[in-house]
Amino acid sequence: MNPFLGLFESARAATFLAQQGPVARFIFGRDPQEATYSAGVEGLFMFIFWISTFVFIGLMAISFYWAVKYRRRPGVAPQRSPSHNTALEITWTIIPSIIFISLFFVGFRVYAKQVIAPSDAVRLDLIGYRWGWNLYYPGGVTSTETLPAGTLSASSVPVFMFPEDTPILLEMSSQDVIHSFWVPDFRSKMDLFPNRSTSFWFRTSTLQPGDMDNPDLGYPNKEHILYCAEYCGDQHSQMLGLIRVVPRDVYENFLRNPWPEGISLVEKGKLLHSLRGCNACHSLDGSSGTGPTWLNWYGYEHSYTDGSTHLADADFTRESIYYPGRKIRSGYQNVMNSYLGQINEEEMRALIAFMRSISDQGGDPTAGFPDEEEEETGGN
Amino acid sequence: MADQQHQGPAGSPTSEKEKLGFDPHDPHGFHEGEEHGHHILSMRMLVVILALLLALTGLTVGSAQAEIIIAEELGISIPQWVNVTIAMTIATVKAILVVAFFMQLYYDTKLNTMILLFCLLTFGLFIGFTSIDMGNRDRIYSWKDGQHTPGGTGGLGLERGAFDSDRNPRRTTVTGPDGEDTGRTRRASEEVAGAITDYSADPDVARTRIDADVLERLERYQERRRAQRPAASPNRVTDLSSPRLFAPPDDEDGDGNN
Amino acid sequence: MSTIDTHNAGQHAHHEGSYLTPHGGALATIWNWATTIDHKKIGVMYLFAIMFMFFLGGVAALGVRAELWEPTRVVTEVVEGETVTSYTGQVLVNLAPIVPGVESEGGISAGMNIYNRAFSLHGIIMTFMVIVPSVPASLGNFFLPLMLGAKDVAFPRLNLMSWYIYVFGSIFAVAAVVMGGVDTGWTFYTPYSTMTDADHLRVVFVILAAFILGFSSILTGLNFIVTVHKLRAPGMGWFDMPLFVWAMYATAIIQVLATPVIGITLLLLIFERVFHVGIFDPRMGGDPVLYQHFFWFYSHPVVYVMIIPAFGIINEIIPVHARKKLFGYRAMAFATLGIAAVSFLVWGHHMFTASGELAAMIFSALTFLVAIPTAIKVFNWVATLYKGSIAFNTPMLYALSFLFMFTIGGLTGLPLATLATDLHLHDSYFVVAHFHYVMMGGTIIAFVGGIHHWWPKMFGKLYNERWAIVGCVLVFIGFNLTFFTQFILGTRGMPRRYASYPDEFQFLHQLSTIGSWILGIGFLIHLGVFVHSLVAGRKAPENPWGGLSLEWETESPPIEHNFHHEPIVKHGPYDFDTVQPPHTDPAEFPMPEPLRPGERTH
Amino acid sequence: MTSIETGGNPPQHNQQPPALSTEPRWKRQPFANHWRSHAEDFDACKIGMWLFLTTEVLLFAGIFVAYAVFRMWYPEAFANGSHHLDVHWGALNTVILLISSFTVAASIRNAQLNQQGLLKINLSITLVCALLFMIIKFTFEYAPKWAEGKRPGVWFSYPFAADPNEHIWWSLYYTATGIHALHVLIGAGVLFVVLLKSFKGWYGPKHYTGIEVAGLYWHLVDVIWIFLFPLLYLIH
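Chains as they are written, first to last, in numbering that gives the first Met the number 0: chain P, 0 to 379; chain E, 0 to 257; chain F, 0 to 601; chain B, 0 to 235.
Hints are computed from structural coordinates only; laboratory data are not their basis.
C-beta: ideal position from N, C-alpha, C; glycine also.
Warning: the hint list may mix true and false statements.
[Unchecked claim] Cut-off 27 Å, straight-line C-alpha distance, at most; resulting in silico cross-link-like pairs (BS3-like, lysine-lysine):
| hint | chain 1 | residue 1 | chain 2 | residue 2 |
| --- | --- | --- | --- | --- |
| 1 | F | Lys386 | P | Lys68 |
| 2 | B | Lys205 | E | Lys109 |
| 3 | B | Lys26 | B | Lys119 |
[Said to hold, decoys possible] Residues from chain B that keep clear of chain F, each with C-beta distances beyond 12 Å, as calculated:
| hint | residue |
| --- | --- |
| 4 | Ala78 |
| 5 | Tyr141 |
| 6 | Pro143 |
| 7 | Arg150 |
| 8 | Val153 |
| 9 | Gly188 |
| 10 | Phe191 |
| 11 | Lys196 |
In isolation and in its complexed conformation, chain P is listed as follows (with noise of 0.2 Å):
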């Protein structure tokens, strides 16, 4: 194919090798996933590293030896030495770049796997807004799970299900500042844009029985943590998911049931406060971040910038949600990105029933969905 197709090969045994062993497992910590390419990637690393280790062992080695040899004695001269040698200098010039040329081509090589998804991957579209991120699955379908506050140091920790044993394609872009999108396990990572889509793939791996990632669930899965590598602002940190790899009859079972059975409007907003990132900015304690608390916000009149008031009934909190920017509460600024076209009907529902919950003036949120009386709740 090329002149390079032996030195491929030769490479790719090389980094198979190196990526066995102990020493990998150290610096790596868990397995690469079995995709194609993370392996590769992993052992392009280790190949590098032994190259590495073994040039600044022998490097440090030298200099050691020679400076303990050579080690200054009062009033004994130095011996003489050359001071150039061209044969000596012309071949560490060429063997490293050889090594470099080599490494550009496995790496491009590799690369390429990485950035080019195989034909048949199912596409996903995710989005990724401060401090969380959204997938969207076939049919508008997105995640319903979170981690239980507190894990891995996290509020709250989305849970992505993908089914196994298959290529994933994911178109990405960004709503407001620059995230990127990290899967340590899949060694590879990719940006997203607010103004450019760009795309991330994955193979997932086959299931074994033994595969017990979270021993609760009752069926074999493998979990891997999703971080968000780009500075994006206070919660970066916070910018986790996790992505779950489920048997193929769940992940069916989830599409077609996604939330939990069951479960009843107002904890389906709860879940949706954490799952759409509002609680990056609403606490539900009544401590104000960078926006205004849930707790007794709704069927309350507020005041706004510009210097009107307004009470917080259900068409206002639709607006909000869905326009912002058109009133700011006073002592917040206006940094909330629109939800219009994100949150749907049923989710609002969902969100206004959560918000009436934890509010003195809710009412009884299980009453449906009664705007008219709500507003004579309001004005008493």
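Place chains E, F and B on chain P using the hints.
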């Protein structure tokens, strides 16, 4: 006394040079045989250069106007690169005239010319590499785009050997509705898509429904991609519908218009 | 030694004192220093200003490490039927009452916001106010003219102006810190930097500070280029210059060619923030990736502005303290220029994850070009040790630590230049460790080594060698403990700029934090050594190490016009095997046997 | 004094001998004591100035790169925006700057030939040209466009914009011409100082470093306009 000093060394430079082995006023022979920096341009030369510059200005304006006239009157549209090339060539010639004669670079030390060339080289690197990146982000797009389908349909895209990780896809036997063997196999990811397609028939899960007709969906998706993609840079998505964060003071609704 | 004294003795009847000799009373002395155009005084003022800023940046770094001692843990408990959420493990949040612009009631955000300000402060101060000017502006200003045998730099008043611009810019930065600091990171990536703290001038102040400091950098570079071209002593050809001068020259070229681009970048960024012109703002059709191109076109070459001067210092320290002619002088000189040239071709490797596959491929290939001259340099340094006469004093120990850490820093650059591995390591702690090994383990270590090497010459005082060695060893241990752990954190998946992290990383983070304390103690010991030397140090001889370059010919500290007579160069700067260093005793610095007839050493 | 004692004039020579104080300033202008001769001082100043011009060019490089990239992406916006500029004012400003460049070049010649009267006249013409340039720029270019809503970035409110990205064009237009205008002002300021000094007799055949250096700066301002003019006004 002062003048004498300003004029530099007294005594014979040659003899000093011979004695020391180098010229003490020019230790590294930098200015050897060079008389520079004190060239006096003739008035005639200056006027000629100015006249040339003004003529070139007229020419570049004229050519741009002529192009508009040709385009409007005769209906011949001249390709853009002609316009750009003419204008930039004339500008370059003008700049060279100014630099070489008004700024006297032509009569100056070579070092100053080198400095200018390095500056232009750096400029070239900057604009060159930036343009390479910003203008060619779609180069491998044909590999990356076009064949993937929402939700994953598999097999519909072109098979690509070199970069396809899935050279030996795990294929499973496709079973019919009642579990009978249909004699077909399909790729791993097809199964998921198939499963989803099945749900679309279920009225209870209408929200998760995706169109059964995969081909139609593929077409629509690709159409959307094409529409989203401006001619010059296909993978940029500029969403102007989102309200701007910073509106002018008199811009109430934040949509950029008063 | 090699100076040909062709002077009429009567001509120098007036006595010239050391440049440190006070002029009149305290006020007069201060005025004299404030208006001086003497490159030595400007260099010394720069040195102290940079040390001060290094202290500020170091405190911020210790704060960052303190925050990372423990991850932020979310604790929810039910008190009287209500769910109360609290956070443990946050350290810097205790500063909330005194940091303007931070809501102390802000829940988890407040502490993380202060952490972000701390690392931004650390990055901005260390990059723009410490490492970029460190060696060129202080040691370079002081020793470049001395090594060239000149009386001053080419434009002394411009030099003073550059110092005042530096002070002016630093004041802006410090003012922004007093106003509450910024949380943009030192890279000011848009759109984050145009959105954060939207109603405050802090960010604009910091950007303005970086913009102003750019001018200081440009003026220093410009001055050095002209100085090297025009003010070399008689007899000093290009390849008779000490390699420190070569390094300064290469650095200056980069400074002049790259710094203006950061000027326009930061100017556009200020326009973006103040006027919202939309060039970098994606909401208005602008492009953040374009900003990254602009930013890294300066900021990658400037990485070599940071490290090439360090090469220069090591090139001086190793031959002098090993009493050995530097191995491969010309290769060194060309490698220096080569690195400077290639530095303009590789900025895109900061954007491998920002898509752009074609550019990524080109930039990856070009990035490996930098590694070749760098490798040559390291080999040459090691080869220089061969058959030398190596003194284990503080400068040499620093040079050996430099060799150790810079080699690690350089080698870990390889997986970052390789496309595939960079996608994993980009923006992780691996990168943090890598550039600290190069910037800190390379530049700062060489800088501190250089200060020790030239301290007797600069101030005419010797320092306490024993304590300096203790400091050096502590710095070495502390540095490696702090940053080697971060390599492993990075490969295991710890992203950078995280105020909190999953528990699995805690052990390594704690090791790293302990290392940072040791590192801090090491530097404090050095500070003590310097202060002690200034107050009570013994008088230094003219040439304590037996150096051969021109600065060792004059007195310690140098006289006001540097040399009593203009020196004439008759030998190379590293001809230790043929020339007895000036002002040295042959018994203390014995020479190798003279050449036998027909014998050649090189 | 032997010629090897070439370390510039010792400090005491920097003070003018009182007997010579009636001579024109340029005749007794000393050079800094670290130079060996006037010629070296002059040379160094010129090299320094060329290096500084390098930085100026690279400062503008940023704007040119932004122009190139956005032009590549939004050709329509740039074509539309360019049509709103009046090529006549642009051409007039080009002519004005070219003439001013000519007069600066001529004033250097005047200094070299000790034509003190012409020197002042030429410098004054240059300053008048700079003033004219700025007047045209602000009165006939910026003011009407700003009033019509053709403003940069978020301020853009021109109702008949045909392309959604036209504000980018205006941002670049104002940034490029604004920074250039700032350079015109700086250059004019420097030339004004030179003019004042020329009244005191600072410049003559042996000493015209200041005027040469200021002239180089002025020519650079002209050269940048030579490129900005077609890019902004002519390339549709």
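Verification of the supplied hints:
no., hint, result
1, Lys386(F) <-> Lys68(P), "8 Å, holds"
2, Lys205(B) <-> Lys109(E), "22 Å, holds"
3, Lys26(B) <-> Lys119(B), "18 Å, holds"
4, Ala78, "15 Å, holds"
5, Tyr141, "14 Å, holds"
6, Pro143, "20 Å, holds"
7, Arg150, "9 Å, violated"
8, Val153, "4 Å, violated"
9, Gly188, "16 Å, holds"
10, Phe191, "20 Å, holds"
11, Lys196, "16 Å, holds"
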